[in-house]
Amino acid sequence: MKFKVKTDDLRNAVAELNTIIVPATTYRAISFILIKASKSDGLILQATDYEINLKKRVEADVVEEGAIGIPGKFLNAALKDFDEEELEVEQTGSESLKVNAGLKKVTFACLSEDEYPVFPKFEEKDSFVISAQLLKENIRKTAYAVSKDTSNMVLMGALWEISTDDSLFNMVSTDTHRLVVNKSKVEFQKPPAQNLKLIVPEKLLSFLVSSLPQTDVPVSVVLPEGDGKIAFNYENTEIVGKLIVGTYPDYESIIPDTSSMKTIVLDRIAVLKAIRFVSVLAEKKSYNVNLSFEKDVLMVNTDLTEVGEAQQAVELEDNKESIKIIFNINYLKEVLMNLDEEKIEFNFIDQRAPVLTKPLDSNEYFTIIMPIRPIE
Amino acid sequence: MILHCDLDSFFVSVERLEDPCLCGKPVAVGGSASGRGVIASGSYEARKLGIHSGMPTAKALSLCPDLILVKPVFGRYSEYSKRFFSILKDFTPDIQVVSIDEAYLDVSRVQLLWGDAHKIAVLIRERTQKELGIPVSIGIGSSRYIAKCGSKLAKPDGLYVVTKGSEEEFLRTLEVKNLNGVGPKMTAKLKKLGIYTVGQVMLYEKDFLEQIFGKAGLWLYSIAAGEYSDSISFIENPIPRSIGNSRTFIKDLPYELAVRELRTLATEVGRRARKKNLFGKTVTLKVRYSDFSTFTTAHTLNEYTNFTNTIHRAAIEIFGKYSDYLGKFRLLGITLSNIIEGSEGIQFDLWDHKEKEKLMKLYNAVDKLNEKYERNKVIF
Numbered sequence: 046m047k048f049k050v051k052t053d054d055l056r057n058a059v060a061e062l063n064t065i066i067v068p069a070t071t072y073r074a075i076s077f078i079l080i081k082a083s084k085s086d087g088l089i090l091q092a093t094d095y096e097i098n099l100k101k102r103v104e105a106d107v108v109e110e111g112a113i114g115i116p117g118k119f120l121n122a123a124l125k126d127f128d129e130e131e132l133e134v135e136q137t138g139s140e141s142l143k144v145n146a147g148l149k150k151v152t153f154a155c156l157s158e159d160e161y162p163v164f165p166k167f168e169e170k171d172s173f174v175i176s177a178q179l180l181k182e183n184i185r186k187t188a189y190a191v192s193k194d195t196s197n198m199v200l201m202g203a204l205w206e207i208s209t210d211d212s213l214f215n216m217v218s219t220d221t222h223r224l225v226v227n228k229s230k231v232e233f234q235k236p237p238a239q240n241l242k243l244i245v246p247e248k249l250l251s252f253l254v255s256s257l258p259q260t261d262v263p264v265s266v267v268l269p270e271g272d273g274k275i276a277f278n279y280e281n282t283e284i285v286g287k288l289i290v291g292t293y294p295d296y297e298s299i300i301p302d303t304s305s306m307k308t309i310v311l312d313r314i315a316v317l318k319a320i321r322f323v324s325v326l327a328e329k330k331s332y333n334v335n336l337s338f339e340k341d342v343l344m345v346n347t348d349l350t351e352v353g354e355a356q357q358a359v360e361l362e363d364n365k366e367s368i369k370i371i372f373n374i375n376y377l378k379e380v381l382m383n384l385d386e387e388k389i390e391f392n393f394i395d396q397r398a399p400v401l402t403k404p405l406d407s408n409e410y411f412t413i414i415m416p417i418r419p420i421e
Numbered sequence: 029m030i031l032h033c034d035l036d037s038f039f040v041s042v043e044r045l046e047d048p049c050l051c052g053k054p055v056a057v058g059g060s061a062s063g064r065g066v067i068a069s070g071s072y073e074a075r076k077l078g079i080h081s082g083m084p085t086a087k088a089l090s091l092c093p094d095l096i097l098v099k100p101v102f103g104r105y106s107e108y109s110k111r112f113f114s115i116l117k118d119f120t121p122d123i124q125v126v127s128i129d130e131a132y133l134d135v136s137r138v139q140l141l142w143g144d145a146h147k148i149a150v151l152i153r154e155r156t157q158k159e160l161g162i163p164v165s166i167g168i169g170s171s172r173y174i175a176k177c178g179s180k181l182a183k184p185d186g187l188y189v190v191t192k193g194s195e196e197e198f199l200r201t202l203e204v205k206n207l208n209g210v211g212p213k214m215t216a217k218l219k220k221l222g223i224y225t226v227g228q229v230m231l232y233e234k235d236f237l238e239q240i241f242g243k244a245g246l247w248l249y250s251i252a253a254g255e256y257s258d259s260i261s262f263i264e265n266p267i268p269r270s271i272g273n274s275r276t277f278i279k280d281l282p283y284e285l286a287v288r289e290l291r292t293l294a295t296e297v298g299r300r301a302r303k304k305n306l307f308g309k310t311v312t313l314k315v316r317y318s319d320f321s322t323f324t325t326a327h328t329l330n331e332y333t334n335f336t337n338t339i340h341r342a343a344i345e346i347f348g349k350y351s352d353y354l355g356k357f358r359l360l361g362i363t364l365s366n367i368i369e370g371s372e373g374i375q376f377d378l379w380d381h382k383e384k385e386k387l388m389k390l391y392n393a394v395d396k397l398n399e400k401y402e403r404n405k406v407i408f
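Going line by line, the protein sequences match chains U and P.
In this note's numbering, each residue's number is its place in the first sequence (first place is 1) plus 45.
In this note's numbering, each residue's number is its place in the second sequence (first place is 1) plus 28.
So that you can see chain P by itself, here it is in the shape it has in the complex:
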């Protein structure tokens, strides 16, 4: 059986531990409204007022003037996150971390040790509450998809079990809005068609759903028909397909100022790649103009790298073709993809291998300093 464990309004919960005055009030963690901040996480009190993550902070404050806005302190969250995952790892090594506050656990191998899935879920909830002080909601199911839908129903601070064999019944009566992957817009559209539960999806033809919703329609149909795939295996730390960092500027920037931001973005991408011992060959630059039109350009290098400088140079070269643009830039992002693991070894070349060895040492030192003091304080 699979457990999907998801910490409740994680960022807010952490902030409430730091400042108990925040308890019981509409609280949101997010960027400032004067800049272009968005809400990262909202308390349940705030959610009731229509605030959701991803919403611009300015809009959230206009919806709810009493909202208490807390500036995020990311170092704090990763600390709690690490402690949460180490609790989970005490129960089983078959864990797949999905994000900073959620993970799937395959408990099939450890049921003799701890008892059945329900018992394990109860133990996890007890320990997390006791050691972290944060409520965790858990969904139990025979597949990850079902478990994830379960945890959505379990929130806040609950446990939802879909026993083996009852998946069909569970899905048939499940409200579409609780289906993982269906957002408010799709829910509204489905409502117009008279579809409230997943079972009702089957009232319509597959082709019709595709016409209305495109690929999402086909996906919805297959879920309703019980064909949800669960093929990804439990690998402890799967290799990410890309490492990216993007930034919306506080104020739109002209080319000469925007180009300077590439250094910061490349520094972060390089740092993260090196931390995971990953190397990439393709650098992609994402550019968004003031009018929100967005372009991406990829450039494939002739070698694998995780050196900030190399990534930066490639990004500058791509950005060069925007130098004639007279308008302003709203967002820039750099992504490193075509990823391989450093543990497989890297092919250096005959002419610059000595140089690369030196750079590796240098980046090693830079990374250590940044880890010790403040992220990206030392830039190279």
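Next comes chain U alone, as it looks inside the complex:
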């Protein structure tokens, strides 16, 4: 194998592949990145952690075809230091590869292609095409509430529901203490053939959020025959991941009817800042924050502990409601951080019932949080 490649092209691709590979553990192969060089396709780079399989295509001037696995961590580190525009890469033995440019030369101990896991191949069952930016944004807004509790696997992913009739693409996530729902009407560049219900694991969600481009590039989402897999194709990238198989809990049943709730309008940033301020005395990772609404003032405070207490007042406009309600501070903080709008609605019934927050006058995106139940 022998080729010339632009340093930037290879560096960017390797950096992304490197986020997936895992340091050599019991199975050494997955700490390598597989490079295949062919005269027709240029370079194909692959990485896998058995949950996510990633393939990137990079243009290159291939002189001699071949394939070999390179230790990902070291390749990534070495590429950072090449400031030459072009690299010359050459296989120097059955398990070694030389990269050189200018005065630098590095030779890696490699892995033969046969030892590398095969990239999954499949027959397409259904597929749809959607803008990368839209997909990225919707995932970002919902992924944060996915559960980390391994005792309930289905909640460790977000539910994606597509209804073809009304072009609705719902994304839902919950850890049972809060529920995030994003119901958006989507213009599919190509809609799926039938309604879909998928549970996409958290790891794949966060990989997509960091990798999908912030542009309107079409992403083709492919569902293979047989359950359990999902593939994303865009530009020079192919991702194949596992889905979580199972039944997602009925989330519609716990959504309260906002018409029977009381509403307070909040300045999101002001409340977020107050929460950040009162958390200065927090010793524990997770602790309570008290919100006391009284006429024109919202008092945000933490309980008195051995190290002290903190509070901040936030002004409210035209508020008539008064209530004191307690939350796990992280839950509330994350909800506020993931909303984009300035003004948000805080809908509540009493201090024991779930609270629904959403952007003012919008029903597309909302979060339901279970408050902390005081016990006297």
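In silico BS3-like pairs for lysine-lysine, Cα to Cα no more than 25 Å straight-line: (1) U/Lys369 x P/Lys386; (2) U/Lys307 x P/Lys386; (3) U/Lys369 x P/Lys382; (4) P/Lys384 x U/Lys193; (5) U/Lys150 x U/Lys49; (6) P/Lys87 x P/Lys205; (7) U/Lys369 x P/Lys389; (8) U/Lys193 x P/Lys382; (9) U/Lys181 x U/Lys388; (10) U/Lys307 x P/Lys384.
Quick caveat, the hints were computed from the structure, so don't treat them as lab data.
Following the hints, complete the assembly by docking chain P onto the known chain U.
Relative to chain U, chain P alone:
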């Protein structure tokens, strides 16, 4: 200064108030000998005959056939105990209750009000004798450890003062058997080494003591060197680290019968947790076979609870792995740990919070009924 106040042979003293015929005779409160009862408390007459708490009743009766055995009535003791602590609380709010019949008092803040520590101790002894009719022994010292050693020397019905500055002298001449934390076995071993007093401990190297006694050796050395720690602060009701209940069966039980006992154990653990408004996340099951081999398994739930049902379910699940065991079980115990206070609030979940609210009401009612009538009469 710290006072350690300890009621003398508490259970026996209470029984003697109920039945004065028991006075002056070897009496012990404990479970029956035909079952697997043990002695909970013995009178001084009984102690002279070698009877001590924790001893199987059958053994106690064989040692002393004239021993008068009284079945314990626990409700009675907690009544007296409450009255005892309320007397102590009249003197200072800085009180740390250690068990049903003993407490530490930090009297530093109230000496202007009552007089010095000795005066306070005298007043407490007078009032306890007069109002309860039970003798209380008190040790006074500059730390809790010293005070506790003092009360041990004061018994029965006495007062022992270790003045400030004389702690070193006190410990040096103190017999090791009177040191809190040293039992008869250790005393005997120390005797073989020629150690009778705490001061003599220093004759040996630290490493040597560790070799012989393990960690206890290091502890003993540090006490002798005057490095006893007294770091726990005076908090009125510190949060317990766990709530547990275990039971040795009258007869060893096969799995199918033993599993039924879990309900009673869980009921008691749940009741106690709810009474103190505490919630726990880890349920531990202790299992002892007929041959005394003992196993414990812990299971951490994904939520904090004090519901009997949840605790029971977790215990049953753990016990399930013993279902193939063909032998019999001697003891089962359930412990709830990983404790938080309910006053900090509990995070319910979106799907079952309504259910939990109902259960809370239900347990509230069950607890009230049980308190009014008889403990654990209503089981849920």
